[in-house]
Structures are given as C-alpha cells and as structure tokens.
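Novice: Single-letter residue listing:
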Amino acid sequence: MAEFTKAEGKKKVLRREFLTGSGVALAAGALAVSATESAAAVLTQTPAPTAKPSYEASTGYLVYDSRLCLGCQSCMFACSTTHEGVANPSLSRIQIIRDAPSFTKYPYDIVMSVCRQCVSPLCVQNCPTGACHVDAANGNVRRIDQSKCIGCKRCINSCPQRPHRTIWNSAKKKSTKCDLCADAPYWSQQGGPGGKQACVETCAAKALKLVKEAPSQLDVAGYDVNLAPPAKAFPKMAPKPAPKEGA
Amino acid sequence: MANGYAGKILKINLTTKEISRLDTAQYEEFGGGTGIGAAIFWDLAVAPGDWDLQDAFDPKNVISLMTGPLAATGVPGAGRTSICGIAPETFPTPLFHRTGMGGRFGTMLKLAGWDGVVVQGRAERPVWINIINDKVTIEDAKSLWGLNTYETQGQILSMVGGRTRFGEEWHQIGDDYTTARPQIVCIGPVGESMTRVAALIHGSGVSARTGGFGGVFGSKNLKAISVMGTGSIQTADPKGIVDTRISHILGKGGAAAGTAACMPCVNSDRKRDSYYGGESMCADQYWFMGDLMKGADVAIKWGICTWATKFGGAMENKVVGAPALFKGRVPMEPGMGWYIKYLYELGVLGPGKKIESHPLPMDQWDKLSFREAFCDAIARKIGIGADLAEGTLEAAKRWGRLEEDLNSGALRFPAYGASWHHTLPGVDWAYSYILTSGDPMWHGLMGVSGGGGFGGGPSTYTAEQLVEMMAAKVVPFTGDPLMFSNSWKGEEARKTGIYSEHKAKLVAWARRYNEFYNESLSICEMMLPNFIGRSANSIAGPSPELEYSYYQAVTGNKKSLADTIEIGRKIWNMQRAIRVMAGRHRDNEKFAPFMHMPGATFMSLGSRPVYVDGKWSFENQDDMYLDKAGVEEFKTHFYKLEGWDASNGWPTRKTLDGLGMKKVADTMASRNKLGV
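Heads up: the sequence lines are chains A and B, in that order. In this text, residue positions in the first sequence follow this note's numbering: the first is 5, and each later residue adds one. In this text, residue positions in the second sequence follow this note's numbering: the first is 5, and each later residue adds one.
Isolated chain A (complex conformation) (with noise of 0.2 Å):
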C-alpha cells in the first residue's frame, strides 16, 4: 500500500474508502442533525457557501499503515488524555476501529480513522462561525476553536470520510478534530505540524507517522501507507539455551 497508481487504484475499494468528493454534507451514517437552539438561529442566518474556497496547505499529515497497527488503542487514549484530560477513546480524535467480535479476518480486521487534514477541508468550509478553520499559525492544520463552536456538528455532518473524523463531546456539546497536537493542554512536548503528536508517541507498532507533504487525496491509499515493520521492533528475547538430553 505505497504511493498511489492507477494499477493500484483498480484494486477492490471498500466502501468506506469511497469518497464523493462533494461539499454535499452526507447523510447516510453520519450524526443526525440535532442542531442547538443557538445554533440553529446561527444556522438560518448563515448562508451556505456557494463557491469552494481554497485553503493554505496544512504543513503536517498523520499517515498510517493499518497492517502494521496492533489495535491497542494506546493512540486513541493518548489523545483523549493529552486533548481532554480523561481517558475516553470516544472523545478521541483517531479512532481504530477493530472488528471484534464479528471475526473479519487480517488485514480488514481493523479500520484507521485518522483526520486527513484534508487539502479541501469540507468541515472548515462548512462551518458557520469560523470555528473550524486553517490555523495559520500553526503549519494550517484544520482545528476547531472551541471558544466560537456552536455545536451545529455541520462539520461531523460534510466530513466526506466514514467514518467522520471530526468528533463530537456530548459533554460540551461542541465538536473538536484533530489538530495534530497543536492545542493539546496535557501533551507535555511540543505540538503541531512541526512538533510531535501524542498518538505517533505512545504507537508501540510504529504504524502511525507525521509527513509534511500532503498524500494523495483520491482514496485511502494515500494515508494507508507501508511504514515497514522495523527490524527490531520490540527487544529480541535472549536466546535459550539448548535442550539438554538425560542428566
């Protein structure tokens, strides 16, 4: 799962790897639209984009290798602790989805859901109170203030993957994304496109890695990536001493 080639790109395409490609918010699976009262008078003030605007390229993309990823989970609770301050995998910003028990077999045993940082940010586009925007200050990778959210999930609703990768608090009633660690109050290094994300830390399979030219947009295989198990990945155990025969 290298770099993305017409040959390649005739290869079955899970349906969930399908992307429409539209600033159509999509229905189908998705959040139902439960808009709050505040936001819903937002809503009928706020005219729909009618042109797709272009963005400044984020400076940082999080690539993945969903055959190397043990499904521990370790990056889902690294990031809701380091973004929220609990351990919460439903409030975390990736999401590895492990099909047990229903038993799908290696490798579609196991769904990555990482924010593309998407070089068309739908949930950007659509958000409107500039919530969700290009943070210029931080290699413009796509994050939501939370300050302006409104909690009108038009974001989680026009995100074109599936599942959505931006994610929604029930407890504040807000939607967050990731931000690649850049507002991240209990992450205790640097964050950001040009620093170092708590999930790409704490993956013991190393199956996850922060590049800065942006993948191709046309399908996952841009983000799906070989990351090549290392040689060594975990400490060889010491050789055992050979059987030994009678006394």
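Just so you know, the hints here were simulated from the structure itself, not pulled from any lab data. We treat Cβ as the ideally placed atom computed from N, Cα and C, and that holds for glycine. Don't take each hint at face value.
[To be verified] Calculated Cβ distances over 12 Å to all of chain A for the following chain B residues: (1) E22; (2) D27; (3) T111; (4) R169; (5) D180; (6) G207; (7) S236; (8) D241; (9) G404; (10) E505; (11) D591; (12) D631.
[Claimed, not checked] No farther apart than 25 Å at their CA atoms in a straight line, the calculated lysine to aspartate or glutamate pairs in the DMTMM-like style are these: (13) B:K371 to B:E349; (14) A:K152 to B:D180; (15) A:K177 to B:D138.
Dock chain B against the given chain A, drawing on the hints supplied.
Specialist: Using the frame of chain A, we list chain B on its own:
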C-alpha cells in the same frame, strides 16, 4: 470518586433478578481486581455464614469480574479482567480461586461506568446480561443456549450493535458515540453443561482458563455478559501517564512495550488474532495443530479450558529421573489430552479396555476430528466424556489410577488438580501452588536466572551481581540476597536455600507483589514485572518502579512503594481467610508425591543462583526435587512470617487487626477458624 475508578460495581442476583450497585469506594482499600473481588466474596458469600463454600455450582457462589484502577486509562497491559469465586476445577474439592483474562472486556466495562460485575444466584432459565453504560438488563438467552462461543458473540453483536456498519459509522448511545463493538464474555456448550473444565471466552480466543469458571456461568444459567461504554475515566496526572507510557515504549530501563487494551499484546500476532482461536497466548499452543489455529479454534468454539485439557506442551524433553515408559516424550505442561493418549499407549485405555474410550476414536488422537469428538463427549457427558467432564484427577480417581500416576509423575499435577507449569526449579512458583489454589500463573521471577529465562537479559552478569540487584528491589525485604538462593541440597538448603527463612520472605514478597500489581491492578504479568535489564550496560530492569509510576500517575495516591506491597499483603490475607473458612489447613498444603522424587523438574530455562559454602554461583537445576521434611520447615517459616498460626496455617487476630480486617477476624473467631 477516586481517580482511576469508575466508582461503582454492578451487582446482579439472577435468582431475584435484582440489579443493584456497590460503591467502589467501600472496597478501594483492596486496590481493585481480585483484591476487591475477594473482599466482595467475603461480604456476600462468607460473612452471612449460610453456605459451606464447598459446591462451586451452588447458586450462593459469587463470581466477580473485576477491573483495576489502571484499566481504560491507557496504561499498557492493564485492561485485564480479574475473576474470582469458588472454582469447580480444583481437586479434590472446589477452592476459592482467581483467574483472569485480557482482551477489551475490562476496558469497555470501565468505560461503561463499572469497576466490575458481581453475579450471584441462578436464573430460572438461560439469560445473558446486557450492559450499555448505566442501562443494565437481564435478557432471555433461549436462542443462544447451545450455540458455540463464536455464534453467541455474533448473535449478541447483531442484537446490540449490529445495525452499525463496521468501520463506517459511529454507534450512538444516548448523546454519545462510539466506533467500538460490544465486548462479550460468554460460555460454550462445555460450560452450559456444568463441566469442571470450561472456560470463559471473549473474542476469538481470549479466555479465563483456570478454575473452570465457564461451568459456574453454566450453573447460573448465564450464557454471556455484553458491555458497551462511552464514558470517561478521570486520572490524577494525565501528562504523567502519557510520559510514562512513552518512556516505557522507548525501553527506558529495558522495558518492553505493552499495549493499552491488553490485547493484542506485543507477544501476539494480529494476523493470527483475527482467526478463530487465535486471540490467545501459550495456553492454546497445546491445542494448536500446525496450520493456523486449528485445534485451538475447536477448543475456543466449544468453550473448553485449553489449559486443563492440554494435548501436549510447547516443548517435550527427557526429564531427569522420569520413568522409562515416557519414552523420552515428557511434555513441559501435560494435561488431560496428553494423559489419555499416555494411557492409550499403555494399553489400559481404548475400545474394550479397562478404561473404555467410547466415543473417542483414540486411533485418531492427532486428528482435528478427535478434538471435536473430545469436546462433544465432555459437553454432553457421554461415555468417557462423563469422567473427563469432572477434570483429569477426578477421572484418574474413577479409573483407579490416581495414586500410581501421581507417584510416577504421569499425572504431573503438583497440587489441587492444577497441571505442571514451570513450577520447579523456581520454588517460589512451586510453593505458590500449595499456598493458593494451584497454578499461580506468575512468571515474575523466571528471569532471575543466568543465561536467559523469561525476560531474557544478558548472561554476562555473575550470580552475586544478580542477587544483589534483586535484593534492592524487593521492598520491604530489601538487603537479603539469600532470598534468591536456590540451594536445594543438604544443610545449605535449610540454612540459606529453598527451605529457609530467606525463601519464605521471597515467597511472601512474590505473593504480595503479584496480588496487588498483577491480580488487582490487573497489569499483565507477562509484561510487568520486568526485573532484568536488556541493555548491555544495565542489569536492572524497570520494575517495580515503572508499574508504581503508572499507579501514581493514574490514582494520585501518595502511598509509597512499600505501602502498595502492603496492600498486596492485605489482599493475600483476605484470600487466605476465605480459604481457611472453606476448610484450608496446613495439612492440605502438600505436593503430589512426584514432586518429592527425581523427575519433578522439567528442563529449566537458565541456571539458578545458589549460595553454597559462602560463595555464589549459577547452577543447572534440571534434577531438582523437593524434600518432604524440608517443605514442612519452609511452611513453618512462612506461616510465622505471615503472622499465621504455624500449627494450622490460619491467620491470627493480631495479623488481621493489624491489616484493618477486624470484621474478618471476628467472623473467623465466631466460627473457630482464627489462628492463635
């Protein structure tokens, strides 16, 4: 609620259909996991005094599935589920036993807002328990009864979360969302029919194997427990958890990385894990049949305990002093499957033989179809299956072979019907067999050897360097390197070796550490402790400081490392009290005869440090066996060290009061079970 805990424990009485909650806070002094499970068992099953604790299938039996405070916090290997209750598998009588399983059940249970589930009573008809955050229901399992464990989980999945397309949608629960699937623990036909060799199965092969708790589920008409959760766990130091996690991954101090959900773990293989029977560790190797998970697949599907019914071992070897009739093929950890083949080759078991093998096709013992027939016969208790369903030693007893085969070691079951598992020459392991309820399943000190062993390590250090390094780690018994001497011959064994006061300290420390960190914080014991450094320039591994750091970061508890080991002592004594109330006495704590004869030790992994005539060295101990009188001397040392009555092994009031367990002491005194 305290950091790391969900704050409440789910209590379900299947007889009355009452669903209630216990405050975790009232049990926090016992840490979590088995510690809390044992304390609850005391309150619900022992203290009332209306049950003799003898029948594991009695509705009064209380089975708990508990997590620890580190579960669902991102601490690697800490998402395990600890299970305890009266276990049907032990021999000759059911004993209080604890076991555990990895997987995601424990993590999901915490996220649903529960530190554990406690089940008592017996449902009138088959049921399953459905937990979705705070909503808990007892569901009809009529359509699930008789299904294998894969079918059961698949059916429940379709009922609980089946409309959500895997990998494409979020599943809505109230105002919250999750991409996760329900996590299910269930039994197969072998558990439904209340055999003594049934496991609890979770996922494609994670299971709680020892103890036979699958039969306890069966006796309660409980087919499965399913859980989905979307909640949060508060921790004291979120930054500290992630920082510790990263230093752990980077191998600071030589640690191997672990994973957050306890599965798939670093020792595992995801490709294998996604196949039926594959989500497993070494236990299922004894059922593997070469090609992927054949064999193990059958066992997990039927819900049989792969450990109790092992067909072979990871290794087979000649054992020093073993009877010639073994033909040089003594497996490391033989079980029921191996034993019936042994009897078949002896000519005493087979069609028309003294032990009738019907319906098992013994001539096809090495075929997959035999494994199916084996499980079917046991599940339906037909023919030889009726004997096997009662466990290996009970079957041997019915066949009149128990004494002979325990003497020869053909039945390599050191105590209480638990099969041989490393056991010797690591005597702390062997002693734990008789002091608990069989196999302690704790590899913590296996690496304390020369030339490898579990945990590996450079073989360049001397025995003296090794024991001095270890002597600094075993708080509060620091400064006594003789704790690690494995001298087993002559006067040295009694003075400084395996029968000495020094060894009693090591076993006491091992039990305390294990009960707190592995059984109650529920950290995978294959991951931590890790005492031996893997780096070229350091002999010392990261334990116990690493696990202590995790504990502090999650809970914010100000307890010292010594304090945590003391909690382990409290948990250890709570289990001791339960066992005493169920009949435990010094006289019961004995090894099977073969442990006192040449051939007791299987090939050891590495050489052990020994102290002889004032000098340390490494010694190959493949020929070790135990002296009966020496073991009795050890027991006396151990009981005295623990503050137990040396004449019967019962805890004294002073000991229990000192641990804050006055109520336990009062109950024991009222039933004449208190030591003096």
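Novice: For each hint, tell me whether it holds in the structure or not.
Specialist: Here's how the hints hold up against the structure:
no.	hint	result
1	E22	holds (29 Å)
2	D27	holds (21 Å)
3	T111	violated (8 Å)
4	R169	violated (7 Å)
5	D180	violated (5 Å)
6	G207	violated (5 Å)
7	S236	violated (4 Å)
8	D241	violated (9 Å)
9	G404	holds (32 Å)
10	E505	holds (31 Å)
11	D591	holds (35 Å)
12	D631	holds (20 Å)
13	B:K371 to B:E349	holds (16 Å)
14	A:K152 to B:D180	holds (21 Å)
15	A:K177 to B:D138	holds (20 Å)
Going down the numbered hints, you'll see the structure goes against 3, 4, 5, 6, 7 and 8, while the others check out.
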